[in-house]
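Use the sequences and the hints to build the structure in full.
The residues making up each chain are set out below.
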Amino acid sequence: MDFQVVILAGGFSSYLVPLVSKEVPKALLPVANRPVLSYVLDLLESSNLKDLIVVVEGEDAALKVGGWISSACVDRLHVEVAAVAENVGTAGALRAIAHHLTAKDILIVSGDIVSDIPPGAVAATHRRHDAAVTVMLCAQPVSGPSESGGSGGKDKTKKPACDDIIGLDSLKQFLLYIAKGTEIKKDTRVKKSILCAAGKMEIRSDLMDSHIYAFKRAVLQEVLDQKPAFRSLKQDVLPYLVRTQLRSDVFSDQSNVEENGNGNGKNNMQNNEVVLSQILSNASMPSFHQVYESGLGTRKTHKCCVYIADESKYFVRLNSIQAFMDVNRDVIGESNHLSGYSFSAHHNIVHPSAELGSKTTVGPHCMLGEGSQVGDKCSVKRSVIGRHCRIGSNVKIVNSVVMDHATIGDGCSIQGSVICSNAQLQERVTLRDCQVEAGYVVCAGSEHKGETFARK
Amino acid sequence: MGAQKKVAAASRVREDSEDLSRQRLQAIVLADSFTTQFRPITLERPKVLLPLVNIPMIDYTLAWLESAGIEEIFVFCCAHSSQVIDYLEKSEWYSRPNPNLLVRTIVSPKSTSVGDALRYIYEQQTETSQIQGDFVLVSGDTVSNMPLADLIQEHRDRKKKDEKAIMTMVIKKQSRLGLGSDKIFMAVDPLTKQLLHYEEDIARIGDLCLDKSLLDSTVLVCNDMQDCYIDICSSEVLSLFEDNFDYQHLRRHFVNGLLVDDIMGYKIFTHEIQSSFYAARIDNLRSYDMVSKNIIQRWTYPYVPDINFSGNRALKLGRRGIYRASDAVQSRSADIGASTVIGYGTKIGNGGKIFNSVIGNGCCIGSNVVIQGSYIWNNVTIEDGCEIRNAIVCDGVKIRAGAVLQPGVVLSFNVVVGRDFVVPAYSKVSLLQQPTTEDSDEEMEYAGSSSGTADLLSGVNNLQLESKASELGPDGTGYIWKVCDNAHDEEWKHSVVPIPMDKLADITRAMDDDDIEDESVVPPSGELKSDTDSINTDANDDYGYFEREVEETFLMAIIKDDVDHVIRLINSRRFAYNMASADCAGAVFYSMMRLAVNTPHNSASELYRNATTIITKWKGVLGFYLKQTDEQIEVIMKFEEMCEESAELGPLFAQIVHFLYEKDVVQEDAILRWGEEKAGADESDKVYLKQCEALIQWLKEASEEEEEEDS
Numbered sequence: 229m230d231f232q233v234v235i236l237a238g239g240f241s242s243y244l245v246p247l248v249s250k251e252v253p254k255a256l257l258p259v260a261n262r263p264v265l266s267y268v269l270d271l272l273e274s275s276n277l278k279d280l281i282v283v284v285e286g287e288d289a290a291l292k293v294g295g296w297i298s299s300a301c302v303d304r305l306h307v308e309v310a311a312v313a314e315n316v317g318t319a320g321a322l323r324a325i326a327h328h329l330t331a332k333d334i335l336i337v338s339g340d341i342v343s344d345i346p347p348g349a350v351a352a353t354h355r356r357h358d359a360a361v362t363v364m365l366c367a368q369p370v371s372g373p374s375e376s377g378g379s380g381g382k383d384k385t386k387k388p389a390c391d392d393i394i395g396l397d398s399l400k401q402f403l404l405y406i407a408k409g410t411e412i413k414k415d416t417r418v419k420k421s422i423l424c425a426a427g428k429m430e431i432r433s434d435l436m437d438s439h440i441y442a443f444k445r446a447v448l449q450e451v452l453d454q455k456p457a458f459r460s461l462k463q464d465v466l467p468y469l470v471r472t473q474l475r476s477d478v479f480s481d482q483s484n485v486e487e488n489g490n491g492n493g494k495n496n497m498q499n500n501e502v503v504l505s506q507i508l509s510n511a512s513m514p515s516f517h518q519v520y521e522s523g524l525g526t527r528k529t530h531k532c533c534v535y536i537a538d539e540s541k542y543f544v545r546l547n548s549i550q551a552f553m554d555v556n557r558d559v560i561g562e563s564n565h566l567s568g569y570s571f572s573a574h575h576n577i578v579h580p581s582a583e584l585g586s587k588t589t590v591g592p593h594c595m596l597g598e599g600s601q602v603g604d605k606c607s608v609k610r611s612v613i614g615r616h617c618r619i620g621s622n623v624k625i626v627n628s629v630v631m632d633h634a635t636i637g638d639g640c641s642i643q644g645s646v647i648c649s650n651a652q653l654q655e656r657v658t659l660r661d662c663q664v665e666a667g668y669v670v671c672a673g674s675e676h677k678g679e680t681f682a683r684k
Numbered sequence: 002m003g004a005q006k007k008v009a010a011a012s013r014v015r016e017d018s019e020d021l022s023r024q025r026l027q028a029i030v031l032a033d034s035f036t037t038q039f040r041p042i043t044l045e046r047p048k049v050l051l052p053l054v055n056i057p058m059i060d061y062t063l064a065w066l067e068s069a070g071i072e073e074i075f076v077f078c079c080a081h082s083s084q085v086i087d088y089l090e091k092s093e094w095y096s097r098p099n100p101n102l103l104v105r106t107i108v109s110p111k112s113t114s115v116g117d118a119l120r121y122i123y124e125q126q127t128e129t130s131q132i133q134g135d136f137v138l139v140s141g142d143t144v145s146n147m148p149l150a151d152l153i154q155e156h157r158d159r160k161k162k163d164e165k166a167i168m169t170m171v172i173k174k175q176s177r178l179g180l181g182s183d184k185i186f187m188a189v190d191p192l193t194k195q196l197l198h199y200e201e202d203i204a205r206i207g208d209l210c211l212d213k214s215l216l217d218s219t220v221l222v223c224n225d226m227q228d229c230y231i232d233i234c235s236s237e238v239l240s241l242f243e244d245n246f247d248y249q250h251l252r253r254h255f256v257n258g259l260l261v262d263d264i265m266g267y268k269i270f271t272h273e274i275q276s277s278f279y280a281a282r283i284d285n286l287r288s289y290d291m292v293s294k295n296i297i298q299r300w301t302y303p304y305v306p307d308i309n310f311s312g313n314r315a316l317k318l319g320r321r322g323i324y325r326a327s328d329a330v331q332s333r334s335a336d337i338g339a340s341t342v343i344g345y346g347t348k349i350g351n352g353g354k355i356f357n358s359v360i361g362n363g364c365c366i367g368s369n370v371v372i373q374g375s376y377i378w379n380n381v382t383i384e385d386g387c388e389i390r391n392a393i394v395c396d397g398v399k400i401r402a403g404a405v406l407q408p409g410v411v412l413s414f415n416v417v418v419g420r421d422f423v424v425p426a427y428s429k430v431s432l433l434q435q436p437t438t439e440d441s442d443e444e445m446e447y448a449g450s451s452s453g454t455a456d457l458l459s460g461v462n463n464l465q466l467e468s469k470a471s472e473l474g475p476d477g478t479g480y481i482w483k484v485c486d487n488a489h490d491e492e493w494k495h496s497v498v499p500i501p502m503d504k505l506a507d508i509t510r511a512m513d514d515d516d517i518e519d520e521s522v523v524p525p526s527g528e529l530k531s532d533t534d535s536i537n538t539d540a541n542d543d544y545g546y547f548e549r550e551v552e553e554t555f556l557m558a559i560i561k562d563d564v565d566h567v568i569r570l571i572n573s574r575r576f577a578y579n580m581a582s583a584d585c586a587g588a589v590f591y592s593m594m595r596l597a598v599n600t601p602h603n604s605a606s607e608l609y610r611n612a613t614t615i616i617t618k619w620k621g622v623l624g625f626y627l628k629q630t631d632e633q634i635e636v637i638m639k640f641e642e643m644c645e646e647s648a649e650l651g652p653l654f655a656q657i658v659h660f661l662y663e664k665d666v667v668q669e670d671a672i673l674r675w676g677e678e679k680a681g682a683d684e685s686d687k688v689y690l691k692q693c694e695a696l697i698q699w700l701k702e703a704s705e706e707e708e709e710e711d712s
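First to last, the protein sequences are chains A and B. In terms of the working numbering, the first sequence is residues 229 to 684. In terms of the working numbering, the second sequence is residues 2 to 712.
For the record, the hints were derived by calculation from the structure and aren't laboratory data. Please note: incorrect hints may appear among the correct ones.
Below are the DSS-like pairs computed for lysine-lysine, each with C-alpha atoms no more than 25 Å apart in a straight line [unchecked claim]: (1) B:Lys691 <-> B:Lys664; (2) A:Lys400 <-> B:Lys174; (3) A:Lys400 <-> B:Lys194; (4) A:Lys292 <-> A:Lys250; (5) B:Lys213 <-> A:Lys408; (6) B:Lys174 <-> B:Lys194; (7) A:Lys400 <-> B:Lys213; (8) B:Lys268 <-> B:Lys348; (9) A:Lys624 <-> A:Lys541; (10) B:Lys317 <-> B:Lys354; (11) B:Lys213 <-> B:Lys294; (12) B:Lys194 <-> B:Lys162.
Pasting the structure below:
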């Protein structure tokens with residue numbers, strides 16, 4: 229498949245402080261003890277997409293990510309890591325790496341996705357319709373989206389939590405309208421010309437843009453060149469393409485254009501009447517783009533397609549602390565097929581090298597990493613514990629994530645919290661809904677609720 | 002009154018408690034469309050009696066309602082009510098009474114809109130309580146074969162569950178882009194089929210605005226649906242019309258009123274009929290053409306010409322969709338093409354060519370006549386060699402030999418077209434003179450077509466007396482109606498002529514242009530510019546054109562080296578654009594400075610020299626327009642603008658203003674007042690004021706000195 233994949237892995241997302249740090253860029257945040265990026269890579273590999281470019285914001289972060297990739301999967305995949313300046317936005321990042329792009333079509337995937345939706349299906353849809361852009365949509369989580377707005381979680385200007393409003397044609401193949409719910413003040417404005425051409429439009433708010441896009445390379449580069457002000461794929465490039473789909477300024481392909489141009493020139497005169505009457509007789513053919521295009525003769529159109537993922541598929545973007553907790557819980561819990569591990573009969577994974585003290589229980593939906601030690605009379609429920617952690621006795625860990633090399637003293641109680649790597653909890657610490665930064669030391673006997681521990 | 006209401010209320014309660022299915026199925030047929038689309042024909046005959054493939058429209062409606070199981074039909078008559086009643090009394094609907102069907106008439110000659118009609122029915126209601134519950138509201142020009150019983154049941158069930166569901170609208174997928182009726186944008190809830198937004202498309206460009214509150218759930222926006230104007234209404238509809246006495250139009254006011262103003266939370270639902278059924282309303286000539294064709298193509302079965310469904314005489318269906326009356330006489334050499342209907346007692350001469358047309362009863366068509374895509378009604382005489390394309394020809398018309406009807410012509414009753422006369426395209430011809438007392442479009446829309454008819458009819462006699470008034474050739478009679486200016490563009494949309502190619506191209510281009518404009522003008526927020534803005538830009542544009550023309554004129558005129566000549570030319574421009582003298586001065590000065598800048602120069606001083614030479618030479622022209630201080634200030638401001646645009650001129654501002662002062666082009670007063678005006682401006686605006694500070698200071702001192710000297 230002549231597809232190049234660009235993974236926008238971001239840099240240090242402010243939404244994820246204190247989980248991310250100079251040491252741990254967002255792409256390397258552990259989900260069930262392996263970096264979130266590995267889920268994306270696995271997903272792509274499963275669709276046989278092996279030619280990847282990972283775009284990371286910031287040189288340091290790029291080095292870290294590159295280091296991990298070379299150690300983890302250099303033998304299986306052909307991965308390049310490209311560093312771009314920070315805060316250039318997704319469109320800016322693509323502009324920066326434009327010279328690396330050579331394939332006919334580009335698949336752009338956000339690096340923080342944990343999902344089992346095959347990206348190959350998006351690519352196939354894209355090819356089948358010969359679309360300029362294909363967007364993958366998935367069902368909006370019922371509990372209210374944890375959508376952070378900007379793609380890659382970098383655009384801080386946008387308020388989090390807003391629905392996508394999406395207009396589809398009657399066959400749910402084409403994207404006719406896209407807007408952010410928060411940007412719509414009083415009323416939605418839908419272009420009548422597109423509506424006239426398509427006949428019907430279904431406007432839905434129960435779908436969510438999943439930040440997996442397939443672009444025609446030529447189209448993408450044309451737009452990025454023509455519109456230097458565009459910063460974000462989702463907020464600028466995509467709406468622009470959707471809006472202009474019936475009067476395209478971007479040419480899909482040079483050769484294609486010539487071919488079409490010749491064809492049109494010849495046929496136009498003869499076909500004009502036929503096609504006009506076609507428009508009259510049936511304005512809502514599935515390929516309304518072509519009908520429209522040939523009706524106008526001089527204008528070109530491009531198609532914006534969608535691939536709607538099945539509702540049963542799992543999809544989460546790791547772009548907030550809440551999402552981080554959810555993903556960890558789901559990957560070792562309900563959606564454990566994503567983790568790639570084989571679970572024991574107790575629905576948990578305890579690494580053989582882990583040591584458990586007497587009367588310690590590790591419940592279902594738990595994970596205990598390599599070389600970790602847990603003292604006596606502990607209870608671990610629905611939690612992920614990393615590698616080489618040292619956990620004392622009488623410790624309760626519920627609904628939490630403990631990263632590698634953390635130390636937890638005797639008598640601690642941890643609920644709904646994240647303990648980053650190398651952090652230390654002294655004796656009898658009680659945490660509830662807290663985040664502890666990497667390397668931080670929480671004093672003995674303290675009790676906290678909903679706090680963030682960081683050195684700054 | 003109160004007692005009657007109580008009775009009505011009581012009866013309603015009784016109905017509710019009783020089995021609903023025992024309610025009589027009732028329908029209201031509006032035998033007046035309250036529009037003027039069919040004028041001039043409707044001045045003489047009500048629209049519902051116009052023949053549609055040789056059968057009056059209302060028969061299609063009544064036959065359909067009868068077969069759909071409606072038990073009681075109220076025909077609401079308004080304009081030409083006597084004609085409608087006469088027709089019904091003579092028709093089978095009265096003479097062959099069906100025990101299961103009651104046809105009654107309601108007459109209200111004063112009603113001028115659907116709203117009035119329903120209010121009238123409501124008022125009658127309180128006395129007679131004719132309408133018992135849910136009813137079907139249709140127009141008398143509806144052609145359909147859809148079943149209604151299930152639909153009514155669906156409506157009732159919904160109403161039982163949800164008190165507020167008071168109306169069900171029938172919609173149908175549009176099989177083709179009928180430009181005749183305005184396209185409709187509808188937003189429907191795909192699950193409940195509730196109507197959320199209804200917009201008759203006036204311009205097919207721009208944006209459709211949907212209220213944000215609609216977007217909580219999935220919304221289906223349709224542009225490919227057709228409103229059949231068949232509504233199942235509950236009794237609340239009548240009282241709503243009574244309460245909102247300004248509601249006139251069923252869709253524009255009532256439906257939109259309910260959707261937008263959210264009156265008492267009433268809801269309207271839609272019902273999409275299956276594509277195997279037919280439903281359409283004839284509201285203009287184009288839909289007349291379309292529905293006629295559909296009838297001939299048998300979409301409306303069983304309401305087709307070869308079946309007797311309303312006392313009509315069935316025609317015989319031949320091959321290629323040719324329907325022919327058994328007694329029609331046709332020369333062997335005449336060529337009858339596909340999809341043609343020929344009525345009883347019609348004679349067709351030699352060598353004619355007739356296709357895609359409907360010819361009524363008792364017509365007499367001569368030799369070598371070409372009829373294409375036209376509707377010839379009854380008792381029409383067409384003499385030899387005529388050519389008729391895409392026209393409607395009413396009863397009793399005579400078309401003399403060799404006459405030509407160009408596409409889109411409508412000939413009303415008894416018109417005579419003179420020998421060899423060519424009736425221009427899209428003209429409407431009637432024996433009646435066009436009513437001249439049309440106040441406005443709105444008035445037109447609702448004016449009862451009966452209002453002026455009496456006067457007009459008396460005019461007919463006059464006309465026949467003094468036949469010299471004919472506009473249709475020496476031996477013809479009839480007036481060609483003038484088309485209102487604004488309606489002219491629309492004429493092609495609503496006529497029976499297929500839409501011309503260039504118009505289609507225009508539409509698509511308009512949509513296209515709209516796109517382009519959209520792209521550049523609409524800010525990302527999607528907020529459109531306010532109207533005032535666009536007006537301003539228009540005015541600016543005008544001035545821009547004017548400025549450019551003046552510049553051109555000026556450049557041309559200076560070759561002649563004659564101040565008076567330049568003034569004359571510029572004045573002609575000035576009057577053409579209706580500009581004030583200050584504008585002229587501004588434009589002239591602009592041209593002069595442009596000339597100076599465009600003259601080759603190497604340094605600022607050279608530019609200054611250029612400018613001074615030009616000003617010296619043409620100060621007469623400037624002076625002509627600069628008689629008032631205000632105008633002089635205008636020029637200084639204009640100059641300021643120019644300097645802002647041109648980096649070269651900027652530094653010379655003070656010098657040139659001073660020069661203008663020296664040459665008496667601008668007076669000291671003007672400069673001082675300009676300075677005062679500018680004193681309050683923003684800092685950024687004051688650049689040139691600062692440049693001129695010295696000059697102004699000097700002027701002030703000079704004037705003070707003068708004053709001192711004076712005193």
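Verification of the supplied hints:
Our distance criterion of 25 Å between C-alpha atoms is met by B:Lys691 and B:Lys664, whose separation comes to about 22 Å. Of the supplied pair hints, the one linking A:Lys400 and B:Lys174 holds, its CA atoms being roughly 18 Å apart against a limit of 25 Å. For the hint linking A:Lys400 to B:Lys194, the alpha-carbon distance of about 19 Å falls within 25 Å, and the restraint holds. Taken as a hint, the A:Lys292 and A:Lys250 pair is honoured in the structure, with Cα atoms around 9 Å apart against an allowance of 25 Å.
Straight-line distance between C-alpha atoms of B:Lys213 and A:Lys408 comes to about 12 Å, which keeps the hinted pair within the 25 Å bound. Restraint check for B:Lys174 and B:Lys194: satisfied, since their Cα atoms lie roughly 14 Å apart, inside the 25 Å limit. As the CA atoms of A:Lys400 and B:Lys213 are separated by approximately 22 Å, the hinted pair is consistent with the 25 Å bound. A threshold of 25 Å between alpha carbons decides the hint, and for B:Lys268 with B:Lys348 the separation of about 55 Å lies outside it, so the pair is violated.
In summary, the hint linking A:Lys624 to A:Lys541 is not supported, as the alpha carbons are separated by about 33 Å, beyond the 25 Å threshold. About 20 Å separates the Cα atoms of B:Lys317 and B:Lys354, which keeps this hinted pair within 25 Å; it holds. For the hint pairing B:Lys213 with B:Lys294, the CA-to-CA distance comes to about 42 Å; that exceeds 25 Å, so the pair is violated. This hinted pair checks out: B:Lys194 and B:Lys162 have alpha carbons roughly 15 Å apart, not beyond 25 Å.
Hint compliance for this structure: hints 8, 9 and 11 are broken, all remaining hints hold.
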